[in-house]
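Chemist: One letter stands for each residue in the lines below.
2 protein chains.
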Amino acid sequence: MVPDTVRRELCAIVGPEYVHDRPAELIAYSYDGTFQQQRPDVVVSPRTTAEVAQILALAHAHGIPVVPRGAASGLAGGVIPLAGGIVLNLARMNRILEISPEDGVAVVEPGVVTARLQAAAEARGLFYPPDPASLNQSSLGGNVATNAGGPRCLKYGATRDYVRGLTVVLADGRVLRPGGRVLKQSTGYQLAQLFVGSEGTLGVVTEIILKLIPLPRERATARLAFPSLDAAAETVTTVLTAGLLPTAIELLDRTTIDLVVGYLPGGLPEGSEALLIVECDGNDATAVQAEVARVGELARGCGALEVQVATTPPERAALWEARRAISPALGRLRPNKLGEDIVVPRGQIPAMVRRITAISEEVGLPIPVFGHAGDGNLHPNILFDRRVPGELERVERAATLIFEAAIALGGTLSGEHGVGSLKREFMAARLSSEELWAMQAIKHALDPKGILNPGKLFPTRPGDRTGWLAALPTLDGVVPCSAAS
Amino acid sequence: MVPDTVRRELCAIVGPEYVHDRPAELIAYSYDGTFQQQRPDVVVSPRTTAEVAQILALAHAHGIPVVPRGAASGLAGGVIPLAGGIVLNLARMNRILEISPEDGVAVVEPGVVTARLQAAAEARGLFYPPDPASLNQSSLGGNVATNAGGPRCLKYGATRDYVRGLTVVLADGRVLRPGGRVLKQSTGYQLAQLFVGSEGTLGVVTEIILKLIPLPRERATARLAFPSLDAAAETVTTVLTAGLLPTAIELLDRTTIDLVVGYLPGGLPEGSEALLIVECDGNDATAVQAEVARVGELARGCGALEVQVATTPPERAALWEARRAISPALGRLRPNKLGEDIVVPRGQIPAMVRRITAISEEVGLPIPVFGHAGDGNLHPNILFDRRVPGELERVERAATLIFEAAIALGGTLSGEHGVGSLKREFMAARLSSEELWAMQAIKHALDPKGILNPGKLFPTRPGDRTGWLAALPTLDGVVPCSAAS
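Protein sequences appear in the order of chains G and U.
Oh and the first sequence: position 216 is 216 in this note's numbering, straight run, nothing missing.
Oh and the second sequence: position 442 is 442 in this note's numbering, straight run, nothing missing.
Looking at chain G on its own, in the form it has when it is part of the complex (with noise of 0.2 Å):
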């Protein structure tokens, strides 16, 4: 697939030492955090966009398929290398090369893990809210090429929020430079914001202008237990039409508290079926516990069955606690997941709740149910074995049913991880024929040959999906490992 010419090349490129084609090293670069693996044929780790450029014109002349990889801990198989061809290992541009206070902005590589510029922007009073549970190793690429989130998107938007600028190379090693250091723009099509979501198939960013906002100094936290999801839907709704805007309104359900209870100081009253993580922030630390008062008392009205706040960091760390240890908690019970990500109408949580718990007694699979309830993204994660004969067929027919219910209510596939190779099969039935053509016509336009990230975000299988999950690839001898979530 890539030619001994090409790697003479590459080698050229970017020194011999960069570039990786024994088995262990193709196998270092076939996974993500789901359980697909696929190995590529060469793995290259560029250092400047000119290096990419290179590579890029050089894939673009001999029509090999190149897959741009950041942290690889997305949990939508967005990297994994389908048709084999060049992994493009973008950890070595892990430079954040200006935080400006005065402009607002931050300018960094695409492999600046999330964290390190929450780090260096607060050290200079700023902010970058998009805070992805994976921010500890996600890095601001593969932030930028999914659309990350997290919870406190309901105050302060996603990773598309912040992009202000970007230098992508277009799949033929063209660069452009959409946006810029501007805090706002109207100045032609938003072509930094087509390329974000685009999950590198449009083109590899190597450079990432973000915006900065000042930081808020003090911020609370409640726990709200429900005796019903109708009680909590209707405590979030009232929330956020008091007037209150919560950094966060987390969600856990009825199997989601069984797996943590463990982990709830004082554990919960008897018939919590729902709860609630409610976060403010703000400057204020009288106005900002006021509000969290104020978020207890609405819910105390909505019928909440006990409500706990907490104003200092330790109290609020047991708070978060619960929503922290669900991944944990998750393996324990069965050793695989498959985690979703799908977004209802907000006012349609308790609908989509109720149908996947129905999903899960008809398919026989625990489907534990949490999230980001004031945005309406919810993370429903099928658990299952492997091992088990029979079980990933169960597992593709509650993920197929999920993703019909969640269309059916009006929502989406993914709040937040993106399409990959996981939810491509999906996309025609989320889009219109004409929403695909639309799509696809911009793709063909950039990257005619389509060797950027292929097999990725569009359908392969226009008719019967049955068979989708299984189809995914995972490397030969190798055990899958659980995947993350």
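None of these hints come from the bench; they were simulated from the model.
Treat the hints loosely; a few may be bogus.
Claimed, not checked - Partial selection, computed: residues in chain U whose CB lies under 10 Å from chain G:
| hint | residue |
| --- | --- |
| 1 | Ile96 |
| 2 | Leu97 |
| 3 | Leu126 |
| 4 | Tyr189 |
| 5 | Asp284 |
| 6 | Ala438 |
| 7 | Thr460 |
Where is the CB? At the ideal position from N, CA and C, for every residue including glycine.
Since chain G is already given, all that's left is putting chain U on it; use the hints.
Modeler: For chain U alone, coordinates are given in the frame of chain G:
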């Protein structure tokens, strides 16, 4: 340009009472908020997406230009039918279809006036923040077309940040519905975002789903007078790195202050060279007042000559009066104005304002500067008298120099007005040839015949731009009105 057979078909689609082609009617649809005027061949006023789709399919088949038009309050010539053809008047599509507190969205037609949606949202405890100065005239379709902003952008973002779903009719009559009622998503390319700011060149927006957020209850405002632009700019950085995020930070330069000093209660201290109007909002009156007081302290630390704080609505209105008085005051000085909308990196505001002052002296025309300092978005208004021979050439020279200076400082042509016809000749100076190529590739993919709003966004004079302003059309026999701002 529009054959009689097509006129008859248009009458069949919308009814003959909604097809206009008498001279007086054509003149009524020949202008916008600039001095440009050009008659269309026919004006059609559809009521539904289906009618728009039929009109576009018909125009596409015959290769007739179509210019979508909302309230025509735009300041970039975006709705001037430069090539004649059909003006698609969307004013009849003016229903607020839904305000959903549960889902946190509004669903509107493009002809809804911005302020009307804001009032309807506030009646439900919700908030639609974008606040262009024209909000009592401008319609939401135009806000989407230009990615309209306003003072509150600093804290709350522009129109782009609120668009969640669109119904768009493409050039050939196909209907796209990108996005939806979901508050976040990462499910393929963000097509809805691509249409935001595309100024009617990629499709006609016929329905808009907008995010609504909780309505803050309390506001407080401060007026800060400075002995120098640098002291005002230092205050902006100091405030925004002290954890404070005001709703708005508006700047008035020396020339603008002179124009509106009569509106300022109590006048201004001797030697005031720059004025900031800072507003904060939130839900706790004490906290909001403390925040504004803290802004005042920080301003004094940066050398402010005077800090006036207002908390009651009448006091706040008095402070905002100077800001609102700018536009009428400009008209008293000279009969015509060219209002620009450049953006520079926030830290470059003093350099940009100094450059504009020098340009004003060089061309011999007054150019007051005001705008949204927190975002780096400035409105230099070149004041002139069209009747004076040679003045238009000096306006052209001043505008050219202003664009070139903004670009040299890392800025851009427009923050919230759009490019339209007025700034198109500078797109090749602002954007690289690769970026222009990418925009044109997208344009060609979605509108291969180029019937949608021709003559906008893209440069027509790749080489010498001399005469670009005089070349823009004005209507024979009609005295050009003063441009609004």
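Chemist: So, for every hint listed, does it hold in this structure?
Modeler: Here is how each hint holds up against the structure:
1. Proximity of Ile96/U to chain G is violated relative to the hint, the smallest CB-CB distance being about 17 Å (cut-off 10 Å).
2. Checking Leu97/U against chain G: minimum C-beta separation of about 14 Å lies over 10 Å; hint violated.
3. The restraint placing Leu126/U at the interface with chain G holds, with a minimum CB-CB distance near 6 Å, inside the 10 Å limit.
4. Using the Cβ-Cβ criterion of 10 Å, the hint placing Tyr189/U at the interface with chain G is satisfied: the shortest such distance is roughly 5 Å.
5. Evaluation of the Asp284/U hint against chain G yields a held restraint, the C-beta minimum of about 4 Å falling below 10 Å.
6. For the restraint placing Ala438/U at the interface with chain G, the shortest Cβ-Cβ distance is roughly 6 Å, inside the 10 Å limit, so the hint holds.
7. At its closest, the beta carbon of Thr460/U sits 15 Å from a beta carbon of chain G; the interface hint therefore is violated under the 10 Å criterion.
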